[in-house]
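Colleague: Chain by chain, the residues run as shown.
2 protein chains.
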Amino acid sequence: MDNVTESKVTLNNSKLIDTPVTRLFNIRYPIIQGGMIWVSGWKLAVAVSRAGGLGLIGAGSMSSQVLELHISKAQAEWDGTLGVNLPLMREDAADLARIIVESGIKIVFTSAGNPAKFTSYFHDNGIIVAHVVPSLKLALKAQDRGVDVIVGEGFEAGGHNGYEEIATLPLIPRLADNIKLPLIAAGGIRDGRGILAMLALGADGAQLGTRFACSIESSASEAYKNSIVGAKEPATILTLKKLSPTRMLLGNFASECIAAGNSGMNAEELQQLLGEKRAKRGTFEGDLIEGIMEAGEVAGDIKDIPSVEVIISELVTGMILAAQKINSLCTQEI
Amino acid sequence: MDNVTESKVTLNNSKLIDTPVTRLFNIRYPIIQGGMIWVSGWKLAVAVSRAGGLGLIGAGSMSSQVLELHISKAQAEWDGTLGVNLPLMREDAADLARIIVESGIKIVFTSAGNPAKFTSYFHDNGIIVAHVVPSLKLALKAQDRGVDVIVGEGFEAGGHNGYEEIATLPLIPRLADNIKLPLIAAGGIRDGRGILAMLALGADGAQLGTRFACSIESSASEAYKNSIVGAKEPATILTLKKLSPTRMLLGNFASECIAAGNSGMNAEELQQLLGEKRAKRGTFEGDLIEGIMEAGEVAGDIKDIPSVEVIISELVTGMILAAQKINSLCTQEI
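Chain order of the listed sequences is B and U. In short: position in the first sequence from 1, add 196, done, that's this note's numbering. In short: position in the second sequence from 1, add 196, done, that's this note's numbering.
A couple of the hints might just be wrong.
A pair holds if it fits inside one copy or across any two, identical chains being indistinguishable in the list.
[To be verified] BS3-like mimics (lysine-lysine), calculated; alpha carbons at most 30 Å apart, straight line:
hint	residue 1	residue 2
1	K521	K313
2	K376	K476
3	K428	K521
4	K376	K428
5	K521	K333
6	K521	K438
7	K499	K376
8	K521	K239
Keep in mind that the hints were calculated from the coordinates and are not lab data.
Work the whole structure out from these sequences, hints included.
Modeller: Laid out in structure tokens, this is it:
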């Protein structure tokens, strides 16, 4: 922090880094908190937005009643920028979409499904739509369907993941060169250096999940948070590939998934192995044996569980230090 | 190029970006050309070093006689900085090491094996040793064994790859925070934006493979180069995981490897499927059916086959533009 204090930066009440994403969402920093099942309720989302980023309520693990409750609690505490992440594969996605519209939320991040589904409906109600994709192919499809922002999420990301296994580093410049929309990078980013690197690659902002999952305001269990902080490299595995590729912390059930993959189990058998509610049991209830704890590859690198305010402050500091480093490496005026 | 011409940069005869890696190797740019079997002979290595980077002769596909010939041809053409990449798993690695020492080469990049093997021998002969690792665990081991530089190579990289599947974006900050040696980032980098992003993450330089494989001076077949330029996303697959994880272009033999993996084949069966000389047949002889064409995830993004001089010039331009972009995004003095 010393270097930052010594430089002449005022972090409050001004935009430090100005991009199409900060302008579109009217946020101070190009930092988005990813929607995470059993992790990102109203408390986490509000804390992130209040600290100058964009917080997303993760509807993926919520019934329509629970989502309604979380939105109304958030709105009682905070009247600024706030979004909801809506996984489109949900059978009751239309109900969730209606609740979002009726609540007055103006930013939706859709994922895991066809972006054509509700984009017009959201647009008709003045909602900005960002769509999460793992490849250029799906980004171009989402752009054609009229979404407003692309989130390019690489192989490193926690939870549900693309089949193509494209890592964030090759994905982001590919998207930046081939799509016309504002671009957010996701997967493998945990600090300010990472955010600055994504801006250098052509992104207009960065989405972080696992870093925010390990915050005081995250609704994940203490066992989940402590498992991430204590994780040893390689920390996670992308598994269940024939069913729906999912990145999770290594552990008892992850080992069962790896063995199942190695033995050549098909999708149906994997579905039977998976059963139900494992993410809730792992992430929310802290069941280390039978549960799944979704997390990104950066899990092993996160060493603390601070408040969101501290996290955002450190992210911004890290961005500044990385920008200063780039400047200092350049031995002549550029 | 316009932006660069307009700024006041002189690219020639000066170090544009000064890092521990440019100083150690006495090179103008923090750009290393990865050693690649059947691709990086003396012509490619000399062209890269002459253009201001560090070129590596890839010994992996060479007999000791052929390596001797390549080094002597290189030295007849060029008396500056030059290195050799030595895969330590080679049965005749000791012969290759002796040839390197006797030739007067002063930089060796070791990979795929125990860095303790020849490091003292190389040091006794005034040779700088860099070692390629896929994880922090192996980086710490290499540091303990006395190597001088760490190359952190992520999941995106072509050819032989780590078992841990750690992508470059999470790997590089992890290494930067935990090792004391100069650090080179590898895997998933194809342009100047990528190099600058790696510097922001804490690396002191970047190693590129597939980009240089698609150059006039590369000794790969035209069929290989054209296959990369024509590759469609996701372009490559990391396969043969139970034998030795290898990233290759999608194609006929890659499909056989995928099917073998899905069916649960063990290492012995995979070795039988692999047989011999597939990399030579694919990369060097251009056999699209029975050959293997090793390549990184960026394969689909490379669109041309220019000279190394043009490639390096574009990489440097890209670095400058990315640094300028970072500066322009910051709305206040940092």
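Colleague: Compare the structure with each hint and give your call.
Modeller: Each hint, compared with the structure:
1. K521 <-> K313: neither (44 Å within a copy, 36 Å between copies)
2. K376 <-> K476: neither (37 Å within a copy, 41 Å between copies)
3. K428 <-> K521: within (29 Å within a copy, 36 Å between copies)
4. K376 <-> K428: between (39 Å within a copy, 20 Å between copies)
5. K521 <-> K333: For K521 and K333, the Cα distance is within 30 Å only across copies (26 Å; inside one copy 35 Å).
6. K521 <-> K438: neither (43 Å within a copy, 41 Å between copies)
7. K499 <-> K376: between (37 Å within a copy, 20 Å between copies)
8. K521 <-> K239: This pair counts as neither: shortest intra-copy Cα distance 35 Å, inter-copy 35 Å.
Hints 1, 2, 6 and 8 from the list above are not met by this structure, while the remaining hints are.
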